[in-house]
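Q: Chains as they are written, first to last, in my numbering: chain A, 1495 to 1720; chain B, 1495 to 1720.
Honestly, the hints are just simulated from the structure, not real lab data.
Careful: at least some of the hints might be erroneous.
Note: identical chains are not told apart, hence a pair may lie in one copy or across any two.
To be verified - In silico SDA-like links for lysine to any residue, alpha-carbon gap of 25 Å or less:
{"no.": "1", "residue 1": "K1570", "residue 2": "L1646"}
{"no.": "2", "residue 1": "K1570", "residue 2": "R1622"}
{"no.": "3", "residue 1": "K1570", "residue 2": "E1545"}
{"no.": "4", "residue 1": "K1570", "residue 2": "Q1694"}
Note that this is a predicted model, so its numbers are computed, not measured.
There are 2 protein chains.
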Amino acid sequence: MPPSPAVAPFRAPTRRWHTVSCMRAMPASDLTGRARLREAALRLFAERGFEATSVRAVATAAGLSPALVVHHFGSKEGLRAAVDAEVLDRIGTALRDIDGTEELMVSLGAVSARMFGADPLLRGYLRRVLLEESASSAALFARLLAGAQIELDRLAGAEGGRIGGDPQWAPFQMLCLILGPLLLEPVMQPNLDQPMFNPQVLARRSAANQQLLRHGLFGPPPTAPG
Amino acid sequence: MPPSPAVAPFRAPTRRWHTVSCMRAMPASDLTGRARLREAALRLFAERGFEATSVRAVATAAGLSPALVVHHFGSKEGLRAAVDAEVLDRIGTALRDIDGTEELMVSLGAVSARMFGADPLLRGYLRRVLLEESASSAALFARLLAGAQIELDRLAGAEGGRIGGDPQWAPFQMLCLILGPLLLEPVMQPNLDQPMFNPQVLARRSAANQQLLRHGLFGPPPTAPG
DNA sequence: TCCCAGACTGAACAAGTGTTCAGTAGTTTG
DNA sequence: CAAACTACTGAACACTTGTTCAGTCTGGGA
Chain A
1495 MPPSPAVAPF RAPTRRWHTV SCMRAMPASD LTGRARLREA ALRLFAERGF EATSVRAVAT
1555 AAGLSPALVV HHFGSKEGLR AAVDAEVLDR IGTALRDIDG TEELMVSLGA VSARMFGADP
1615 LLRGYLRRVL LEESASSAAL FARLLAGAQI ELDRLAGAEG GRIGGDPQWA PFQMLCLILG
1675 PLLLEPVMQP NLDQPMFNPQ VLARRSAANQ QLLRHGLFGP PPTAPG
Chain B
1495 MPPSPAVAPF RAPTRRWHTV SCMRAMPASD LTGRARLREA ALRLFAERGF EATSVRAVAT
1555 AAGLSPALVV HHFGSKEGLR AAVDAEVLDR IGTALRDIDG TEELMVSLGA VSARMFGADP
1615 LLRGYLRRVL LEESASSAAL FARLLAGAQI ELDRLAGAEG GRIGGDPQWA PFQMLCLILG
1675 PLLLEPVMQP NLDQPMFNPQ VLARRSAANQ QLLRHGLFGP PPTAPG
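Throw the hints in and build the complete structure from the sequences for me.
A: The following block contains the structure:
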């Protein structure tokens, strides 16, 4: 007699063919096991980092068995790849959504706001990813760099077409101003009295960055003196 | 019969009272076991991070036994504290060495050069530390912030005494420009054709930062047009 | 109806983790 | 000299890790 395999645990109905669209908005329990594992992993990786997150922790958070991770993703590394792909996809969508039409530099602030402000999970994960030494991290940064260059060209076109500083380094400086607070959030926040990524603070920071890029720290203040 | 305790392994002579000065320059084998463990830990923590470094790895790198880590530092966490203290001490010395006398903004470049350029180990370790969520990391950042504020005040004094942008956020911007490349080195470097932290590149970057802070990206170029 | 593919499980595996412990070798102190 | 102290060790501890495996359950096609 088998040692009472007991009740069959919760099991989502098999729906191989059913490619769930807009699964992002669905409650977790409606997701495929595969998707639930990936979502749980995204959250835990963002909170604790990849190394510090065990397969068991992911499985438990998803309400599933650790063995299922291997079944679906081959290995823990495979799970990471799946999460990476998902996140890069979301970021790509966010970047694509704010193309063109907006005001000068407004789009830059919009990128920050949409990508970093809204979703703390995405923020944490991005922080982790940007600090690794993997090929995908460098690729992600390259995409961000290209975006900064485009933004910079538009800004330069409106400002007189001439870059006074170091043209090669300018996009990196731009990215440092945007990504710095993201990366340094854990150490910056204790030195501030407001949440760094609430909308008001983010808008103010964005304006300050715009001002710095245009006129430096000592240029004309945003409110004209006359 | 004991299982042949074999030859006594290498053992540095006991010298409790001998507080070794300038141990930094001494070859590793002349160091106390305690110091050798700490140095090995600094290197490995900087290269792989704290979590990813095992006590055994540190001990092996130091040519000692893992149990000695506990003997000297109480625990792996104790070892980390010792390394932290050592690094903070070195940074503090570097910061103290370049007080006052220098040219405007030159000291800022000097800080970067001395702290970040010279010692890749210190760079790596600082990167790791700044991205943790510990009290000591926040404290370190607070010290850096204070330094930036001082530098900013001097700069403002020479520039007309008025900050055009956001006075509260300005020191953070300054730090983002300095620390950004440090934190993003792993993802930035693949997008560049020169080593980010060799002296020439570092000097150029420092000049670009100075230019940006003074006049923005589109202000007068460093070489006067006349 | 039977059968199969796939989702999913608990139990176990080998390997690695931080830490403990009894004990050895050398130096200092009495 | 003996005792105390310190640096240091190898072997083992209990625990966690990623992964494997045999097997159960379910839905759909034949």
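Q: It remains to establish, for every hint, whether it holds in the given structure.
A: Consistency of the hints with the structure:
In this homomeric assembly, K1570 and L1646 never come within 25 Å of each other (Cα to Cα): the closest approach is 39 Å inside a single copy and 47 Å across copies. In this homomeric assembly, K1570 and R1622 come within 25 Å of each other (Cα to Cα) both inside a single copy, at 16 Å, and across copies, at 23 Å. In this homomeric assembly, K1570 and E1545 come within 25 Å of each other (Cα to Cα) both inside a single copy, at 10 Å, and across copies, at 17 Å. Neither within a single protomer nor between protomers do K1570 and Q1694 lie at most 25 Å apart by alpha-carbon distance, with minima of 39 Å and 42 Å respectively.
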